[in-house]
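K.L.:
Each chain, written out:
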Amino acid sequence: MSEFLQSTGAGLHSPAWLFLLVLALVPLMVRGHAAFPYPSVSRLPEDELSVWIERLWRWAGSLAIATLAIAMSGPYWGEQRLEKVGRGAHVMIVLDRSASMNDSFADTAKSDSESKMAAARRVLQSFVSQSREDLLGMVTFSTSPILVAPLGGDREAVLAALRATEAGGMGFTAVARGLGMALDYFEGRPVTGARAILLVSDGGAHLDVKTQDLLREMFHRQGASLYWVYLRSANGASLKDAPEDENRDAFPEYQLHEYFQSLGVNYHVYEAESPQAVEEALADISRLKNQPVKYYEAAARQDLSWVFYLIALLCAATLFALHLTEVKKWRAV
Amino acid sequence: MTSFTPQEFYYRLHWRARGAQPGAHATRTPGSGADFAGHVPFMDNPDPRRLDLRASLRVIPRRYVVRSFYERGAIVVYALLDTSTSMRFAGNAEKKRLLADIAAAIAWSATRSGDAFSLVACDDVVRQDLFSPPSARRGLAQEVHKKILATDIGNNVGAQALPYATEQLRPSRSLIFLISDFHLDEELLTRTLSSFSAHDVVPVVLWDSSEYKDLPNWGWARVRDMEGGGDRSLFLRRSLTQQIQQQYLQRKDDLKVLCRKFGARAPFFVEDEFDAGLLTRHLLEAG
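Chain order of the listed sequences is A and B.
Under numbering that gives the first Met the number 0, the first sequence has 37 at position 38, and the numbering climbs by one with no breaks.
Under numbering that gives the first Met the number 0, the second sequence has 222 at position 223, and the numbering climbs by one with no breaks.
These aren't lab readings, by the way, just hints derived from the structure by calculation.
Any given hint could be a false lead.
With a Cα cut of at most 30 Å, we get these calculated DSSO-like pairs of lysine-lysine [as the list claims (entries may be wrong)]: (1) Lys251/B - Lys95/B; (2) Lys146/B - Lys95/B; (3) Lys146/B - Lys327/A; (4) Lys328/A - Lys251/B; (5) Lys328/A - Lys260/B; (6) Lys95/B - Lys255/B; (7) Lys212/B - Lys328/A; (8) Lys212/B - Lys327/A; (9) Lys95/B - Lys145/B; (10) Lys145/B - Lys327/A.
These stretches of chain B come out as covered by chain A in the derived footprint (C-beta under 8 Å, 3 or more residues) [as the list claims (entries may be wrong)]: (11) 223 to 237; (12) 248 to 261.
The following residues of chain A were derived to be distant from chain B, with all beta-carbon distances above 12 Å [said to hold, decoys possible]: (13) Glu155; (14) Gly263; (15) Tyr269.
All residues carry an ideal CB built from backbone N, CA and C; glycine is no exception.
With the sequences and hints as input, model every part of the structure.
P.N.:
Structural data, given as structure tokens:
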């Protein structure tokens, strides 16, 4: 029984009121109720219906008191923490559309050099069409972020947005605003899967301290992980080797990388120097984000006291009805 | 209270009393009454006024015979009251008041016809405070009436002493009015009637009309036994009230049979009001 109660999450809000249950014995035991004196009840017939009415009267009184006591103790059921496993991830793709994305990769060994944008687009398209259970959204940014597709199951919109990037990039790299916009789309949604921000960018940008704090706070609130696919340009710096102290400012990518590392959220960087590297990076990412996410959801408990109040009300109504049928005067009317 | 006059009824015995007191009833005592007893030789009863010449000519050997007569004598009339708690019942009439009225009427009627009256009351013990020894003095009826009205009927007492009330009675056959509601269990009633079977018992049954006739038509009522017999729930309706009336009618018949079995007279049922005329008719018819 108790296991059953445990599993259904039944419980009492304030069990102290249950002491009033003792009072439920009173109607069963009381003998001092008003009655007409009669010289000899043995002369009267024992009537089945009357006996049952007497029993009904006693039990209705008892039940009314008992249910009131239970109702006052506030029974509920259904409070349980549901363990849910989220399979699909929520991925916001943050795609850099700055002018530098039109350049080719750092690895110039290949003659048919594909532009970084084209490579990213191709790989992202296959990524989008492969991800079955995910919710996807996309934000592109150059000088300012543009919402392309809000977080949702609509892959066609994302694919269309990716195709639209064929128009070529322009402007600067406003990473912070793009990330901020992407993170905004997680706001107020249930965490039913891993949240990931997939930043595809070929360069860094300098973030001031205020923006850094704001972004950090947003990352923490949304609990999103960050994957940065760094498409290294031909003249771009690698993130692997730290630059000299005096020319740190010349490498905003490395500063961004350091900042991301200091975020305190799940952060991975993939430095891609060729289209193949981008594919590998995305394959890696899709594997990572597909790890099932366990999360607990508290199901709202249901207050059951109204049931007991209802029973008590019915019992009281029965008592009142019996009271109305009671003979007030021992006389033929 | 001095001006109170109880109702008077008339009773007659169908047996010859034994008693020396002159009174109105036929006795076995030979004497100067008007009840012809037989012819006796003149020398046994030398009263020339009773000389029966016709009978003297008829007897062989021829001698004078005289008529002899029985004396008319008085008896003691007892009112035996059941003062168990159920007699406190007051429905359409107060049973205690009825007790007082009937006892006073008996006392009045008895003393008016020259008999002595005695009051015995019983609950679980014989009530000595209500006992009044046989007497024919004037004012006895009023005194008895007052005494019964002033008495308290005890709480939660039965009538277990009724069979033992015979110890308070004179051994000679007397007329006893047993006044009770007869809500006694069978065993007690049987013992009571058998202990009084040497006497001439007139059961007077006090039933209130609200006990069985004047019931509420419909509704739920709970009744409590006055002598601690528990509660009973009654959902009164037509069938149940009919059933109750039926049980009381059945009880009436049972009582008649039981009284006949123990040599008592047919019970006289008083409902709400005591009418001495009805009692007279009942007694004369039965006698």
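K.L.:
If any of the earlier hints don't hold here, list their numbers in rising order.
P.N.:
Structure breaks hints 3, 5, 10 and 12.
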